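Take a look at the letters that make up each chain.
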Amino acid sequence: MKLYRSLVYRELKLTRKRFLLMLILFLLLALLMLTPIMLDGFSAPAEGEESPVETILLLVGTVTLTGGFLAGTNNGLQKADISAGWKRYSFILPPTARQQALSDLLTKLCYILFFGLLSAAFAWIYSAAADYNSFGIMVNIYLGAVCAVMLIDIAYSYIMMFANDKKQLRIFGVIAFFGAGIILRAVGLFTDGKPAEQSAEDGVLISEEAFNSFFAALSSGKTTLCAAAAFAVICALYFLVMWRSHERREP
Amino acid sequence: MTDYENAIEIKSVTKRYDGFTLDSISFDVPKGCIMGFIGQNGAGKTTTIRSLLHITDIDGGEIRLLGLDHIKDETAIKKRIAVVFDELPFHDVFNARDMARIFEGMYPEWDNAVYMQYLERFQLPTAKQIGNFSKGMKMKLQIACALSHNAELLVMDEATTGLDPVVRDEILHIFMEYLQNGERSILMSSHITSDLEKIADMVTFIDRGKILLTGCKDEIIERHGILKCDKDKLGEIDAEDTVSIRLNSFGAEVMVNDRENASYKYRGCVIDPASLDDIMLYYVHRDRKEWS
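Chains A and L are the protein sequences, given in the same order.
This note's numbering applies: residue 1 is where the first sequence begins, and numbers increase by one.
This note's numbering applies: residue 1 is where the second sequence begins, and numbers increase by one.
Bear in mind the hints are in silico, worked out from the structure with no lab data behind them.
Since the structure is predicted, the reported quantities are computational estimates derived from the model, not experimental observations.
Don't take each hint at face value.
[Unchecked claim] Heads up, incomplete: computed chain A residues facing chain L, CB under 8 Å, no partners named: (1) R10; (2) A80; (3) G85; (4) P95; (5) T96; (6) E250.
[Claimed, not checked] The following label-pair restraints were derived from C-beta to C-beta distances: (7) A:M1 - L:Q40: 41 to 49 Å; (8) A:A128 - L:G131: 30 to 38 Å; (9) A:C110 - L:G60: 26 to 34 Å; (10) A:R244 - L:G60: 22 to 30 Å; (11) A:G173 - L:G251: 54 to 62 Å; (12) A:F162 - L:D238: 19 to 27 Å.
[To be verified] Simulated crosslink set (EDC-like; lysine to aspartate or glutamate; CA at most 16 Å straight-line): (13) A:K2 - L:D98; (14) A:K17 - L:D92; (15) A:K2 - L:E109; (16) A:K2 - L:E104; (17) A:K13 - L:D98; (18) A:K79 - L:E197; (19) A:K13 - L:E109.
Think of the CB as a built atom: it goes at the ideal place given N, C-alpha and C, for glycine as much as any other residue.
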């Protein structure tokens, strides 16, 4: 336990500045998204008015997605360790590769938990103000965003493990950036623009029927289960990649 | 804890790179002694140290540290050794207190009181960021960390390079103190031979990936000598007695590998004692035999 406390302390302390920046960004966005509540408040929609459910989904979804992206994104530790020479030094330290990988995962989980709680707090404010429970949707969006970004991080970290020192850092950084881009494309977060054009018929981006089925899927318990399972698998994958990264010796 | 005779045993270790090979090297560092590991830049010192610390995998041979296999017993070994690199591998954002918090969980025998004593002795601030330390301060911090978990073996890779003579002397003095209980050993790689001449008990000389000399420092220095003679007398000196010959405008200086024997054999010549620097220099030019 003492060992993990040391390892996680090091990682949290190293990522403290980045974390503060992410927190400020998140809070600014959350504040912006809270403006409707602060100005008008939510009430039941009058005849012909847009349903607040869609607006709530949009606002909660935006904040949650941002929280998920910030929590799951690469924390720059690998790069910082190579640059400082700590990666090489870590080979002579008593913690095993497995213990170091577990501490990487624990640090990641700390951020995921923290931004998850912040997103939940935001969803709760909206639920209280508009008398509409968006918590289930928030969890699904959050886990989905975390999974997608962690997948990219896994690809990035895998490529970065081949860099041994400062000299190799730049070249592998570029390769890792493009590698992560390929993963991003593969999971469908980059599109070539065609789907948006096709759905823009008659000025309606998404039909009510499509929205309803999307909404039903998003708020479904099954989706939560699937997202949680995917999250568990991705965490395991992240652990394995970090394990390999700490285990790999210099050529 | 295992009982062992040699803190480090390196047997026929080979490591191949493109353009460089660590060629089946072997040497031992007996328990309780300081081994100076010398050689010019690119000779293979760092590769040897990285191999024995398992920073890099070896292509052949066997390495034992503190009587244990360097790969199979890696975790057990790493709790009992300390390493000092030529550059501080700690992040600039940390301070000396942070490093204590990091290391106390990693090393079972980490002693915060000892660490604080070293910080005080080195006059290192505890709250100042490492990024604002001078090179000397950084090296002292690395040494303070290395000496605070009761390590039985200290490995140093060019640790005194780039430091001013005052700091170097202070650090060498600390190492002497550290060895006093007879249970600890040091492997110190350096190309500053004057440091090793001061503190090393034994010396291993590596050049182009091969071990040329290993043994007791005083014996090595005692055995070698610089024979001074005229160029026309060079023909009288047997090739088997020489390491290499340095020619200058006044004559020749010959490094002899058996000073006592040479003093009988070449009675008319003056033989001066050789320093580690001289020995290194003449061995580096051993293939050319005559150089200037």
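Okay, the hints, checked on the actual structure:
no.: 1; hint: R10; result: holds, 5 Å
no.: 2; hint: A80; result: holds, 6 Å
no.: 3; hint: G85; result: holds, 4 Å
no.: 4; hint: P95; result: holds, 6 Å
no.: 5; hint: T96; result: holds, 6 Å
no.: 6; hint: E250; result: holds, 5 Å
no.: 7; hint: A:M1 - L:Q40: 41 to 49 Å; result: holds, 47 Å
no.: 8; hint: A:A128 - L:G131: 30 to 38 Å; result: violated, 46 Å
no.: 9; hint: A:C110 - L:G60: 26 to 34 Å; result: violated, 44 Å
no.: 10; hint: A:R244 - L:G60: 22 to 30 Å; result: holds, 25 Å
no.: 11; hint: A:G173 - L:G251: 54 to 62 Å; result: holds, 58 Å
no.: 12; hint: A:F162 - L:D238: 19 to 27 Å; result: violated, 54 Å
no.: 13; hint: A:K2 - L:D98; result: holds, 15 Å
no.: 14; hint: A:K17 - L:D92; result: holds, 13 Å
no.: 15; hint: A:K2 - L:E109; result: holds, 13 Å
no.: 16; hint: A:K2 - L:E104; result: holds, 8 Å
no.: 17; hint: A:K13 - L:D98; result: holds, 9 Å
no.: 18; hint: A:K79 - L:E197; result: violated, 40 Å
no.: 19; hint: A:K13 - L:E109; result: violated, 24 Å
Hint compliance for this structure: hints 8, 9, 12, 18, 19 are not met, and every other hint is.
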